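Please take these sequences and the hints and turn them into a complete structure.
Just so you know, the sequences run in chain order A and B. Taking UniProt numbering, the leading residue of the first sequence gets 1, the next gets one more, and so forth. Taking UniProt numbering, the leading residue of the second sequence gets 1, the next gets one more, and so forth.
Wrong hints could be hidden among the right ones.
If several chains are the same, the list does not tell them apart, and a pair holds so long as it fits within one copy or across any two.
Derived pair list, reagent style DMTMM-like, types lysine to aspartate or glutamate, alpha-carbon separation capped at 20 angstroms [said to hold, decoys possible]:
| # | residue 1 | residue 2 |
| --- | --- | --- |
| 1 | Lys51 | Glu38 |
| 2 | Lys132 | Asp393 |
| 3 | Lys3 | Asp46 |
| 4 | Lys98 | Glu126 |
Think of the hints as simulated: they come from the structure by calculation, not from any bench. Just so it is clear, the structure is predicted and the values come from calculations on it, not from any experiment.
This is what each chain is made of:
Number of protein chains: 2
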Amino acid sequence: MRKACIISIGNELLIGDTVNTNASRIGAMLTEWGFRVEQVFTIPDDYELIKSKLEEATSYADLTIATGGLGPTHDDITKKVVADLLGSDMVEDDRVIKHIRDIFKRRNFTFSRSNAEQAMIPEGCEVLFNNKGTAPGLWFKHNGNAAAVLPGVPHEMTFLMEKRVLEKAEAEFPGQDVWVTRYFKTSGVPESSLSEQIGDLGSYLNNGVSAAFLPGAAGVTIRISASAEDELSAKRKLDKLESKLYEQVGDLIWGEGRDLELADVLGEMLAEQNLTLAAAESCTGGLLSNRITDIPGSSRYMKGGIVAYANDIKVNQLGVNETHLDNFGAVSAQVAIQMAAGVSRHFNADIGVSTTGIAGPGGGTPEKPVGTVWMGFRIGDERFALKAVLTSDRLLNKERTVTIVLETVRRRLLGLDGYPYNLKPVTL
Amino acid sequence: MRKACIISIGNELLIGDTVNTNASRIGAMLTEWGFRVEQVFTIPDDYELIKSKLEEATSYADLTIATGGLGPTHDDITKKVVADLLGSDMVEDDRVIKHIRDIFKRRNFTFSRSNAEQAMIPEGCEVLFNNKGTAPGLWFKHNGNAAAVLPGVPHEMTFLMEKRVLEKAEAEFPGQDVWVTRYFKTSGVPESSLSEQIGDLGSYLNNGVSAAFLPGAAGVTIRISASAEDELSAKRKLDKLESKLYEQVGDLIWGEGRDLELADVLGEMLAEQNLTLAAAESCTGGLLSNRITDIPGSSRYMKGGIVAYANDIKVNQLGVNETHLDNFGAVSAQVAIQMAAGVSRHFNADIGVSTTGIAGPGGGTPEKPVGTVWMGFRIGDERFALKAVLTSDRLLNKERTVTIVLETVRRRLLGLDGYPYNLKPVTL
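The following block contains the structure:
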């Protein structure tokens, strides 16, 4: 397996002003392209350190990706280091200088000779043309191995990796094993339960096929990967494992795709069935509506909602029975169901959902500790509520409540039997 | 200046499943404690690599912080490496084994001997007792330098750094120059404008005092740092620069503190003045309410809000004039102001705010391109709207709109003259 090394250059990374998301992104891409990422070096904008790390990395890694230090300020010295490493001079690249002039003209900035510096390229480097910014990437060989130096701006780095580096790597390393990875998303199932329901995968995990459970904020993602000589063979290997997963836990998998959102999947279901939804929120305070409306096109199914943070709002805007509010408290099945029914009625929506609980850190009592939340549902003729006791962390409680609500609606729309985390529905 | 090195251990970091937030957090803490962070190594759970990096780091860095690989699975080998590095055996620590038993009992988990493994400590290491989890941190000396190995779970790592490592480091490195850092937050001011209004700080930036502008999602943060022999001297140095900042841009600074939130500051202002607020949201879809309710204690001033995603909701729930809606469109000053006035009236709140715009990526027209947003305000007797044309990114548009709304209310409550980004208020 070909080896890769990542070098992240930038003072801001070491003093903690910036989180090194580039290294993760590049690591994921290199892994998918079939490289084993050996290490990541994070170093300051220091001439000696950059030079020694580039020297070290290219001496053992087949491919080195370095980011940072290609900007126009005096701190940006990476290009100079590369030139010295290769023992070469700088030459102005015509295409890049024209590109920079065009960018400046479009943005009505004044172009000065100092900006032309970014078009100077160490001889012996190939330009990785950057459509997204002024600094081009560089591709070169050293110690017999390949290296790419890219700007640190995340969307520029991503563009250059996907559109420039990949094809150079494919040409440089033909016959590389291809890796195919698939991500299957679940919510409302603890990892141990998921693992148990999937069962023993032993017979599927051979011949370059692997599986892993990735717990995350919205649930557990199942990642499966396979490597083979070509993409088709790799996919075939994965297909068998994928079928097994769907056979075992198909109902629990709400989608496939590393960055797929539950609100997106649920939204598509609602759009397909011409259903509308409205949300009445107390403890989640707007997060539920926000998650739903983050998805482009959500206006097809999302009517909106009410953030009924004060109790009089629950009564006046949602029609919650004031006597019930006094007797059972705001955090109760009765109030949750009335909120859901009320918002669906007032907003003329097919589905109403609600949240009412104690997000914390204060507000808990022995009977209703922090993290207690009731979620109400009106789906067609169904009206029910779920109760969960979550954590002591306010933001985590908001997030998890939203996930449980979305996953519950998804499962109800599909007519599935179970509820997230095996919660038991209460009807009144 | 004492040197520090960070080693982040974990396969998941290299293949990109996890972003290395620990390294940033540790880097920031070490920098505040007066160390210069030389590099960060990110390596897999590999025996040889962990050993060689610990050897290398402790040979030149005064303090090395390594995280990861202290868990109970077979991948977790860091402790074994440390034992071999020190040439010592493992010994069971009584306090830790009791702690682990207690945790298991509390959570109703069955304790088995394999769980006792986490209480085995390499001889020669000091235990950094971990109240937040089962795996203790380790403190040891090697090559004459100090090192700490901590679990990779972020909140456990943070606890151990703040409560255990700091005091060990202070004892190990007495007389270390002390760094004091302050962060001043602004919103709605471009960096260049802020810099211009602050003016030339040259005479203040000497003798170990530095300043930097950190652009972020919610605005520009001004960071000032000073080092001195003791904390009091460092603070005195900063006080002069701080006074200058407040003299120049005092109105623009809404708070001090690295992680301080604008919604928190505004919330305290509302609470102090016994004012209540309600939000009517269209394009921000719940984000504004969510930001406000993320703050504990926000029920003191936040009545709630309406997410009026569909136009009929604007009319039915907020009392927006349907003829105006038809004539001027939902994205207009008229509708924005009516939404703000309507929600404040229906929710019986002193202050009403609203957002209506085109978040994107679709929905734009030549007259109202994607990113066009009107924000409405009813504050006491004032009713006005602001219009901004933001970006083509949906989530960024939501975020920036929320920031502009919060900052506008803050400035109005203080009776300040300017509006965020020099937007001009429209009254009708």
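Which hints from the list above does the structure break, by number from lowest to highest? none
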